[in-house]
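Participant: Chain by chain, the residues:
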Amino acid sequence: MMCDFLFSLVCTGEIFELKAELNSDKKEKKKEAVKKVIASMTVGKDVSALFPDVVNCMQTDNLELKKLVYLYLMNYAKSQPDMAIMAVNTFVKDCEDPNPLIRALAVRTMGCIRVDKITEYLCEPLRKCLKDEDPYVRKTAAVCVAKLHDINAQLVEDQGFLDTLKDLISDSNPMVVANAVAALSEIAESHPNSNLLDLNPQTINKLLTALNECTEWGQIFILDCLANYTPRDDRESQSICERVTPRLSHANSAVVLSAVKVLMKFMEMLPKDLDYYGTLLKKLAPPLVTLLSAEPELQYVALRNINLIVQRRPEILKHEMKVFFVKYNDPIYVKLEKLDIMIRLASQANIAQVLAELKEYATEVDVDFVRKAVRAIGRCAIKVEQSAERCVSTLLDLIQTKVNYVVQEAIVVIKDIFRKYPNKYESVIATLCENLDSLDEPEARAAMIWIVGEYAERIDNADELLESFLEGFHDESTQVQLQLLTAIVKLFLKKPTETQELVQQVLSLATQDSDNPDLRDRGYIYWRLLSTDPVAAKEVVLAEKPLISEETDLIEPTLLEELICHIGTLASVYHKPPSAFVEGSRGVQHKRLPGSSVESPDTGSAAGVSEAPPAVIPSQGDLLGDLLNLDLTPPTTTGPPPPASSGMQMGAMDLLGGGLDSLVGLLNTVLSEAVSLRCVIPALQNLSSHYTTCCQVWLPAMKAKGLEISGTFVRRAGVIQMEMTLTNKAMSVMTDFAIQFNRNSFGLAPAGPLQVLTPLSPNQSIEAALPLSTVGPVMKMEPLNNLQVAVKNNIDVFYFSCQYPISMLFAEDGKMERQVFLATWKDIPNDNESQFQIKDCHLNSDAASNKLQGSNIFTIAKRTVEGQDMLYQSMKLTNGIWVLAELRVQAGNPNYTVSTVLVVLAVFKSCAGAAVITIYYQKK
Amino acid sequence: MIGGLFIYNHKGEVLISRVYRDDIGRNAVDAFRVNVIHARQQVRSPVSNIARTSFFHVKRSNIWLAAVTKQNVNATMVFEFLYKMCDVMAAYFGKISEENVKNNFVLIYELLDEILDFGYPQNSETGALKTFITQQGIKSQHHSKEEQSQITSQVTGQIGWRREGIKYRRNELFLDVLESVNLLMSPQGQVLSAHVSGRVVMKSYLSGMPECKFGMNDKIVIDKQGKTGSTEDGAKSGKQSIAIDDCTFHQCVRLSKFDSERSISFIPPDGDYELMRYRTTKDIILPFRVIPLVREVGRTKLEVKVVIKSNFKSSLLAQKIEVRIPTPLNTSGVQLICMKGKAKYKASENAIVWKVKRMAGMKESQISAEIELLPTNDKKKWARPPISMNFEVPFAPSGLKVRYLKVFEPKLNYSDHDVIKWVRYIGRSGIYETRC
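Protein chains in written order, with my numbering: chain A, 1 to 924; chain B, 1001 to 1436.
If you are wondering where the hints come from, they were derived from the structure by calculation, not from laboratory data. Where hints are given, some of them may not hold.
Label-pair ranges, simulated between beta-carbon atoms [claimed, not checked]:
1. E1172/B <-> D25/A: 49 to 57 Å
2. R1052/B <-> V367/A: 28 to 36 Å
3. K318/A <-> E1172/B: 42 to 50 Å
4. G278/A <-> V1297/B: 54 to 62 Å
5. H191/A <-> E1172/B: 53 to 61 Å
6. G278/A <-> N1330/B: 51 to 59 Å
7. D25/A <-> R1052/B: 47 to 55 Å
8. R1026/B <-> S549/A: 46 to 54 Å
9. D116/A <-> G1025/B: 17 to 25 Å
10. L281/A <-> V1297/B: 48 to 56 Å
11. A430/A <-> R1052/B: 49 to 57 Å
12. D46/A <-> S1332/B: 56 to 64 Å
13. E464/A <-> S1368/B: 53 to 61 Å
Here are the computed lysine to any residue pairs in the SDA-like style, where the Cα-Cα straight-line distance is at most 25 Å [said to hold, decoys possible]:
14. K327/A <-> S1045/B
15. K862/A <-> L822/A
16. K1059/B <-> P296/A
17. K1213/B <-> F1174/B
18. K424/A <-> K494/A
19. K29/A <-> N1100/B
20. K576/A <-> E268/A
21. K327/A <-> K1320/B
Partial list, derived from the structure: chain A residues whose beta carbon lies under 7 Å from chain B [as the list claims (entries may be wrong)]:
22. K147
23. W217
24. N252
25. L257
None of the values given here were measured: they were computed from a predicted structure. Built from N, CA and C at the ideal position, the CB exists for glycine as well.
Generate the whole structure from the sequences, applying the supplied hints.
Facilitator: Shown next as structure tokens:
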């Protein structure tokens, strides 16, 4: 075979031969030689030595040969930049060729030659080609701008190609429009703050028109671009949706998914009571189901996306359970994804069918799939209470099969079922114990040990069982060791008489023989607890555990929102934000869904921030891209402020994706995070000094064309104020100041316009106090007390972010009724606890109490137990969340001066709108 | 966007490598070979991330096609493009095999240059591509100026799938309704899931730029017509109308018109193409019913009886009927008795394959098998995979009927009546399984 010969070409000796052939007079021979060169190049051989000879073949009227030479050039030009210049003339000449195919070929290839010297020569031909009469040349030139931008961004800007590209969006040819959109989108990605893709209703209209006419690929480019637009109001949103929905019937799955992305995003803007909203929801289901009859690879991508869509809007596919049933011949990756979605869609209505299916799957061959199926049965039990009994019996059947990994997986999920429904299915423990010996995976062993410890009082030989595990303690994994330690302590607390020896043994194993810090620490804590206060130990170790939640693997809401904006892309396949897998500046901007419709549109510009199209949220700090499109008119005070309570409620729901427990959820996120602890600590450190945040420079003059802003937050007579000093360090006068906030965790918003009435002359400073309200739109920030601010003046708009002390949010009416306090305190489950320390505090409990009162932290009660002062305190955040605290000062020293370092163990508890801090002071 | 495209043979040797972006290096070629093609494990995902580079792959017989990127690309688009690439290659040189790829590597590079620019897919309709990418390179430069601009306007134009000036002496249309009926049935005969996925495939040999309109017994259309007038017609055909769950169309169909009026109008490509795909789940005619009976006799014997019943008009004939009954891995011997057709135990496939050439409607037939098993100490029970079936029937199991296909070509002198039209219905089994 001729071509087999081409591929088996051996290099060294051949190079010489090829050289001769390349310089041959015969066209055919030349062409064959170039083919051989390309073949060698493909398999990775270095044929760069032939560069001049190949380039010599470029001057030809044979299009096929020309293309081959170009291919070679693209590969090797970078390594031979000087010689690549030789090709420039031909390129420039080709760009003038009467044949549009050749003009396009030249400009296309030139863009792929990444040599600086060549790019200089590229500009003129490119400019001509962008205005070429032939659409084929224009569409090629549009992409070439993106290529050139990738090599030399500055050059593209200087030459004004971006404007030409923008003009092409209005081109008469749909394909030119599509390619221009693709190129602009790509360039805009590396300039997150530029207003490059200036999407306004007019351009959107042009894009929507081109959408009906261009190729399938062009439709994808346009839809993906549309998804970045944020409509001004629900009416515009609806009209775009109406024009995008026909795309759902396209044969190309990518067109369908990109259309789904646009619809999912714009739906956020539509009021839920609108008829059209319901129609749209109904229209989304069939195309999603149809994607499942595509090729397996596409099914996989579709399923990963459906997983996201189902989490965001479960109502769309709730009746479509059957299509997710696994087929015997599905590739494993499709099977696993289908299983995930089945569980998400499981409900009381369809649980019988689902269980029957899952039982079927648990007998399949693929180990991973079987495991996941077993796990799914457990998750169904937890999700649908009515099915729990059936699930447990199914699991027991599976345990009877004695297939090792099935048994282990079943035990792991049964543990979870016990946690969800305590004291209900303990009768199965006997069956589980029979399989003790066959467990060899850490997770299953740990689960079994947990069960034995938790129900030690009902298992007669619990001590024997645990003892048997203890023999090989050091060979176990950490997970099992920790579980074993806890289980034995539990056992001891339940049956103290028989198990003293056992607990001694495990404590010494954990603390003395282990070098794992986690294990050692837990061992010491137990030991100390047991030796100092067994009653407390019982309360701590045997405390009632909170029930586990239904869905354990839900994607975190903010991430979910971002992923919804990336439907169809790799991010949605990986379920990770683009910044997690894309290098460099591209794709690191975070996308957000547009504001939910609950933010009433009639507040108009007063609620400018709430309507801010949060197209882009910077990861941390300085790039406040989402404030970009803000209307920065000063907030009008005439508009009625939204009712405080409902505004807050809605905001919180929006934040967490709805549900009754939104407040609790918010609280949990607020308080369970270490970040938030760090925020509260300074407030409590009022103990040591009177607390005011010192004035900080928020916006340095360098970043803001000469405007410097420094300031602080204070709470005065129940009003939160942002006190700022604005300094003009520029040469010209500044006027027309205005300020706006991005959505933030506690709904802070300016209560009035920024009062800087006189123009600010150079080197002048002015102080301005901005009263703040807490009824603005809510969005969780990282860190929690982060506030992103936009300030406008006659020169530009500037962005900065600052952090406010949480203590500022403690309300004056934070003193809880004694009775209420007591009742709430008792009702709080243990698991909302967090701990933190306060150091260097030189006050006694009374002084501390007084100081704290100054920051609206109120002491409700005080008692003294065994020389410890316990202060019970309450505070209330502006959003209605209560925080309860217990402050324990243990002064072992009769001298009342609290000395040296205080080690403070604090426990945060939160539940149903209340949180508790317990603080243990210990003297060193 | 797509940063590079590689084609490998089954051994992992590169046959084609085209890099579009600077961030993709030569090492990406090897990374895919080492981590995916040579991986010991079965492929667990069609998308893999290796060293911050994402690889998308599809496999055609022994050939691997891989697209590579470092950006957050539209994943759906990449796969659609890879399939399209396969279609284009198949349209140019037939089967995608190692030999064909090697023999046509120059052509493939030329195609890749044209249909993927800087990683952005461009017009990839074979109809258009074939006008200017030919294996005879010389031909392309002899286009007259007129021809050239015709090519470029076709490649970039609104109707990229059809060129002007097509002429046929006989205007002819072939329309195939191809359906695959899928079923999952419980051993007790309960339908766990059933759906039909259908395709309307056309071959059109029409002159000029004809405007076509296609109509079928779509419930929504029929109901609408029933309301607006001609009640008689509505009542008559109302019974036969079918509810279509969803459909997708070839890019030639005007989607906005379908969305607003539910009418299917288009200017067809020349030659073969798939006009639409659809899916139905309601009132499906299940052509066959499979009734399995499995009895375990002791530990070393299994008795299997399978009855199949044909459930359609007795005047129609089903063809290529094949029933596949899985057997346990430790099967040592099988005795078979069947009333009709031929049955064979295929040890290599762990299955009894029963073939019947033809079977009329409203009939039934059965097979019984005695399976001898080797004693094993394998604790795991045999998973009992479902019994699957293949067949072909001359009707559409969804009940879909073509009502009309009208052709208008105002510029040329032929009318709808002059076009010869052929319609054919074929129902095939998709995944047609009964658990036992």
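Participant: Each of the hints needs a verdict: does it hold here or not?
Facilitator: Each hint, compared with the structure:
1. E1172/B <-> D25/A: 49 to 57 Å: About 50 Å separates the Cβ atoms of E1172/B and D25/A, which means 49 to 57 Å holds.
2. R1052/B <-> V367/A: 28 to 36 Å: Once the Cβ atoms are compared, 29 Å apart, the range 28 to 36 Å for V367/A and R1052/B holds.
3. K318/A <-> E1172/B: 42 to 50 Å: At roughly 47 Å between Cβ atoms, E1172/B and K318/A fall inside 42 to 50 Å, so the hint holds.
4. G278/A <-> V1297/B: 54 to 62 Å: With Cβ atoms ~58 Å apart, the hint holds.
5. H191/A <-> E1172/B: 53 to 61 Å: For H191/A and E1172/B the Cβ distance comes to about 55 Å; the hint holds.
6. G278/A <-> N1330/B: 51 to 59 Å: 56 Å, holds
7. D25/A <-> R1052/B: 47 to 55 Å: 49 Å, holds
8. R1026/B <-> S549/A: 46 to 54 Å: Hint holds: Cβ distance 49 Å, inside 46 to 54 Å.
9. D116/A <-> G1025/B: 17 to 25 Å: 20 Å, holds
10. L281/A <-> V1297/B: 48 to 56 Å: Since L281/A and V1297/B have Cβ atoms about 54 Å apart, the given range 48 to 56 Å holds.
11. A430/A <-> R1052/B: 49 to 57 Å: The hinted range 49 to 57 Å holds for A430/A and R1052/B, with Cβ atoms some 51 Å apart.
12. D46/A <-> S1332/B: 56 to 64 Å: For D46/A and S1332/B the Cβ distance comes to about 59 Å; the hint holds.
13. E464/A <-> S1368/B: 53 to 61 Å: 54 Å, holds
14. K327/A <-> S1045/B: Roughly 17 Å between the alpha carbons, so the hint for K327/A and S1045/B holds.
15. K862/A <-> L822/A: 13 Å, holds
16. K1059/B <-> P296/A: 11 Å, holds
17. K1213/B <-> F1174/B: 14 Å, holds
18. K424/A <-> K494/A: Holds: K424/A and K494/A sit about 20 Å apart, inside 25 Å.
19. K29/A <-> N1100/B: Measuring from Cα to Cα gives roughly 22 Å; hence the hint holds.
20. K576/A <-> E268/A: Answer holds: K576/A to E268/A is near 22 Å, not above 25 Å.
21. K327/A <-> K1320/B: 23 Å, holds
22. K147: 5 Å, holds
23. W217: 4 Å, holds
24. N252: Hint holds; N252/A Cβ to chain B Cβ min 5 Å, cut 7 Å.
25. L257: 5 Å, holds
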